[in-house]
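The whole structure should be built from the sequences, with the hints applied where relevant.
Heads up: the sequence shown at position 34 corresponds to 1502 in my numbering, and the numbers run straight through without jumps.
These are computed hints drawn from the structure, not numbers from a lab. There's no promise every hint is true.
The calculated lysine-lysine pairs, modelled on DSBU-like cross-linking and capped at a C-alpha distance of 35 Å, are [unchecked claim]:
(1) K1483 <-> K1620
(2) K1696 <-> K1483
(3) K1725 <-> K1805
(4) K1515 <-> K1791
(5) K1721 <-> K1577
(6) K1623 <-> K1763
(7) K1643 <-> K1483
(8) K1805 <-> K1674
(9) K1805 <-> K1792
Cβ pair distances, simulated, as ranges [to be verified]:
(10) Q1561 <-> L1676: 24 to 30 Å
(11) D1484 <-> L1529: 25 to 31 Å
(12) P1521 <-> N1727: 21 to 27 Å
(13) T1494 <-> S1630: 57 to 63 Å
Quick reminder that beta carbons are idealized off the backbone N, C-alpha and C, glycines included.
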Amino acid sequence: MQRVWEGECVEEKIKDVLDAYTFQTTRICRGRGAFICDTDQGMKIVKAYHRSPQRLEFEQLVKYTIRDRGYYYVDQLLPNKEGQYLNNNKDGQMYTVRDWFEGRECDVKNAADVLAAVRQLAVLHMLMRRCDLSEDRVEQFSFQDTRQIFLKRRKELRAIYSYIRQKKQWNDFEKLYMQLYGDCMKEADAALSELNQFDFDGLRKKALDERTLCHGDFNYHQVILNRKYTAVVNFDKMHYDIQVKDLYQFLRKVLEKNNWDSSLGTMIMDTYLSVRTLSEEERRVLYAMLTFPEKFWKISNRYYNSRKSWISSVNYDKLCRFKKTEGQRQDFLNTFKYAFIF
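Take a look at the structure:
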């Protein structure tokens, strides 16, 4: 069967990789830094791989566990003819091949799409518990805990404040930063205070002891929908931790795109809770995460790590948008606390 190629030099880049598999490729196109292939065994995706073989083995074992528990809609790693998951092209670049799915990316402006995505997240969270993997892997694939991250970012916000304060002249970005700094630091302090109100360390230890996994990068880009199923892909940042980290990331990114619509946020929470219950401690961790001024830190950190002599108007515009929606964010936090904190 003749292959159809879209784009220059595609065949040369991944020909050796495709030849290592039994499927026949009929069409290839580029997409998000990868090659999406139509084959006689369904859609596949070929991606360059830059991480360790141990990381790939970890991903493969977890996905096989998910499959064995009856869930098939993840981008499963595929072994080549020799049983290997890593493939060299002629230039020595390593590639992986995974199952892929026909459909469209979750539309962050479509409530039905968003609710389908968060429902699938809750299902995955139920399956990504008590994965029978070794203690060594738990230590290797668990990240810094949320409280330590908050402490580090609060310290960075203070450093930015000190840097701007000593300047003789402030540009528009710096003036706005100083205007917002006080309230945002109060939010950072409140988030840390919330985590100190209960045994956060005990909750995280329980998650690690029970081999509880997070997707690690769950957002609308990682969800593919069609009429038959909802698929979740790109587990590159999967790790052991409290699973509400995934729910927080999804909630925050969706609500940022929807002006912190409290009714949408409530529907997202209700949909997740209809599949998987959350303990009081998990809800409070989620509330603390939502309270922390993540967007303010992110914009400010990008400014601080850039050339200070040239300030991008993009950063200033983002900070203006943050200020504009801060009232709606506070309204959502109040709604969340009233509705979901015991």
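Tested hints:
{"no.": "1", "hint": "K1483 <-> K1620", "in the structure": "45 Å, violated"}
{"no.": "2", "hint": "K1696 <-> K1483", "in the structure": "32 Å, holds"}
{"no.": "3", "hint": "K1725 <-> K1805", "in the structure": "21 Å, holds"}
{"no.": "4", "hint": "K1515 <-> K1791", "in the structure": "39 Å, violated"}
{"no.": "5", "hint": "K1721 <-> K1577", "in the structure": "11 Å, holds"}
{"no.": "6", "hint": "K1623 <-> K1763", "in the structure": "15 Å, holds"}
{"no.": "7", "hint": "K1643 <-> K1483", "in the structure": "54 Å, violated"}
{"no.": "8", "hint": "K1805 <-> K1674", "in the structure": "24 Å, holds"}
{"no.": "9", "hint": "K1805 <-> K1792", "in the structure": "22 Å, holds"}
{"no.": "10", "hint": "Q1561 <-> L1676: 24 to 30 Å", "in the structure": "34 Å, violated"}
{"no.": "11", "hint": "D1484 <-> L1529: 25 to 31 Å", "in the structure": "26 Å, holds"}
{"no.": "12", "hint": "P1521 <-> N1727: 21 to 27 Å", "in the structure": "44 Å, violated"}
{"no.": "13", "hint": "T1494 <-> S1630: 57 to 63 Å", "in the structure": "60 Å, holds"}
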